[in-house]
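Residue numbers (UniProt numbering), protein chains in the order written: chain Z, 1 to 336; chain W, 1 to 336.
The hints are simulated quantities; they were obtained by calculation from the structure and are not laboratory data. Among the clues, some could well be false.
Because identical chains share one entry, a pair is satisfied inside a single copy or across any pair of copies.
Calculated pairs, SDA-like style, for lysine to any residue (alpha carbon to alpha carbon, straight line, at most 20 angstroms) [claimed, not checked]: (1) LYS113 / ASP92; (2) LYS227 / PRO282; (3) LYS35 / ARG204; (4) LYS227 / GLU278; (5) LYS103 / ARG88; (6) LYS103 / GLN296; (7) LYS130 / LYS191; (8) LYS103 / ARG293; (9) LYS171 / ALA208.
Given the structure is predicted, the values throughout are model-derived calculations rather than measurements.
Number of protein chains: 2
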Amino acid sequence: MVTIKDVAKRANVAPSTVSRVISNSDAISQKTADKVRRIMEEMGYIPNVSARRLVTKQSNTIGLLLKSSSKEMRQNPFFTDVLMSISRVCKDNGYSTVISTSKEEAELLHEVKEMVTSNAVDGFIVLYSKEENTVLDYLRKLDCPYVIIGKKLNQSTDIFIDNDNVEAAFKLTQYLIDLGHEKIAFIAENKTYAVNIDRLTGYREACADAGLETTVFEGAAGTEDVKHIVQNMPEEITAIITSDSMMNLSVLSELYLLGRRIPEDIQTATFNDSYLNEAACPPQTVVDIFPERLGQEAASRLIKYLHHRDMLKVSKMIPTRIIERQSTKRLKERET
Amino acid sequence: MVTIKDVAKRANVAPSTVSRVISNSDAISQKTADKVRRIMEEMGYIPNVSARRLVTKQSNTIGLLLKSSSKEMRQNPFFTDVLMSISRVCKDNGYSTVISTSKEEAELLHEVKEMVTSNAVDGFIVLYSKEENTVLDYLRKLDCPYVIIGKKLNQSTDIFIDNDNVEAAFKLTQYLIDLGHEKIAFIAENKTYAVNIDRLTGYREACADAGLETTVFEGAAGTEDVKHIVQNMPEEITAIITSDSMMNLSVLSELYLLGRRIPEDIQTATFNDSYLNEAACPPQTVVDIFPERLGQEAASRLIKYLHHRDMLKVSKMIPTRIIERQSTKRLKERET
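In isolation and in its complexed conformation, chain Z is listed as follows (with noise of 0.2 angstroms):
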């Protein structure tokens, strides 16, 4: 078998090089890196995981934190799509991940605290952004890398990846407006989390702009609290926009049940495309936010940041965009 030792000789260099090469060290130059590399192809000579992570002192495992790992929310196509996206760059780049398992944030960061400690993890994906934060607290304490993919808060400056949520929901709720809407209701998810906050105030500013009331129902936590809302909702909403499409799907459910036709008797839109709103009764239009992308940027840039700790930490927004489908159409006049 090849050792370092084989390709340091036949490269004319010293073994330390070569691990350098294979560590992507920056105190190698560009030139040496590229020879390097071509012997150990000709060679065949390849880098064993373990001894790189000697060499390197890091774990080569990025740890994964999701806000919850509640039943629905590990269902969430959102996540699924965000997390295969990261898991994806990670292989590429020789990383693997750990995903957290917590279900309160107190659990979460015992679990944080330990990953760190045991030296388990290089740096993290925060999968949510919100004002109180235990968890980034800690990291930010210990420099310990992370990226976050969510809204960027008042004066931080770590990584964000995120979309205009705002903006998102001004676009959808205007969309509707010019449908014909006059009354639209819309659901939210707890309060807590930035990106229901956001997409609730581009709803708002949305029918302020129209000159429309608002109906809007908060803090709708499970499936019997959409159905109870859904049950009584006023006569005169003729459009539900919903704050997650895992929401919409009770909000289809309890409609069905009930007897109301969308788009005939009622129209629907929310936020994040996936097959749930595309094969839905009937497909849903919806904001699509390119969870992959979200994923994919989160991931490169902490690499990057891992490898250049020097680097200027940007942050990114990711463009949104609307996908029309039959759960919304031109509004009739109801008077005609």
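Add chain W to chain Z, keeping to what the hints say.
What follows is chain W alone, placed relative to chain Z:
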């Protein structure tokens, strides 16, 4: 900071003994292991993951192989549930994971070879089962540890974690027959995978037992195929079973667009429970196959096997159960 040497001194054993305790070696008596662990805890010693990896010459990483990384597959809650459950067991045992991202078998084989040669993983969990499997042939030849979530094939001595899908489909078909259905259609995915073949077999057996004719639509590959099948469904069909709940979503969506009500006009049932079925239009009768238990059994058996390579390879069947929801009900005689 507390080191292995400190622990060894206090426990009055050699440092190598402490290392062996950390790596769960069989060579250490239970009594000694317990003592060393107690002292490690008292002294607040946390094993360094990179160091442990060096001691054990293991990557402490498990590779997860999906049958396809197509978007529909990834958004299938079955895989999310299985992956999250595997991920949890791995994390609890100090393992991280890498997920395959290849779409084609040849590409996957190449990916697996690279992971094995670079020592990036200690073993694999294979999330599909089929007759011709070049990846398994390769792993078997190298004696690389793996566990399969899927059907036990012919003479294989591998570890399989599965449901009895013939029985599950038999039960579901029998349940519909008991409700009074005499014309039940079955829409099946790709025939290459054992799970689809088995579910179809169970359906055929239940129909044969009841002296009923079968109506099978095989090899439906995507949304367009399913739409076409539903649009051309023979008039006399009173119930549709689909081999997978993602495909079932497309069936529901098309029935909705055609204005056919469930369960009044036609009834539906499928496999694998998730939020998608609970919040469907209407909520779906389904066979729960307990994906979390499949993932948990697979991961814990693989990890056990990694530590005890002489372990008897025992496969495990996870039981299934029918969950009744609004998509099915007792069929009234049509001719009354």
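Are the CA atoms of LYS103 and ARG88 at most 20 angstroms apart within a copy, between copies, both, or neither? Between. Shortest inter-copy distance 12 angstroms satisfies the 20 angstroms Cα cut-off; intra-copy 25 angstroms does not.
As a check of your reading, is LYS227 near PRO282 (CA-CA no more than 20 angstroms) within one copy, between copies, both or neither? both (18 angstroms within a copy, 13 angstroms between copies)
Identical-chain pair category, LYS103 with GLN296, by Cα at 20 angstroms: between (25 angstroms within a copy, 18 angstroms between copies)
Intra- versus inter-copy proximity for ALA208 and LYS171 (alpha-carbon distance at most 20 angstroms): The answer is within: 13 angstroms in one copy meets 20 angstroms, while 56 angstroms across copies does not.
When no copy is named, should LYS103 and ARG293 be tagged within, between, both, or neither for a Cα gap of at most 20 angstroms? between (26 angstroms within a copy, 19 angstroms between copies)
Are the CA atoms of LYS113 and ASP92 at most 20 angstroms apart within a copy, between copies, both, or neither? between (27 angstroms within a copy, 14 angstroms between copies)
Give the relationship of LYS227 and GLU278 under a CA distance limit of 20 angstroms: within one copy only, between copies only, both, or neither. between (22 angstroms within a copy, 13 angstroms between copies)
At most 20 angstroms between C-alpha atoms: does LYS35 with ARG204 qualify within a copy, between copies, both, or neither? neither (59 angstroms within a copy, 63 angstroms between copies)
Quick one: LYS130 to LYS191, C-alpha cut-off 20 angstroms, is that within a copy, between copies, both, or neither? Result: close within a single copy only, 10 angstroms intra versus 47 angstroms inter.
The structure does not agree with numbered hint 3 stated previously, though it agrees with all others.
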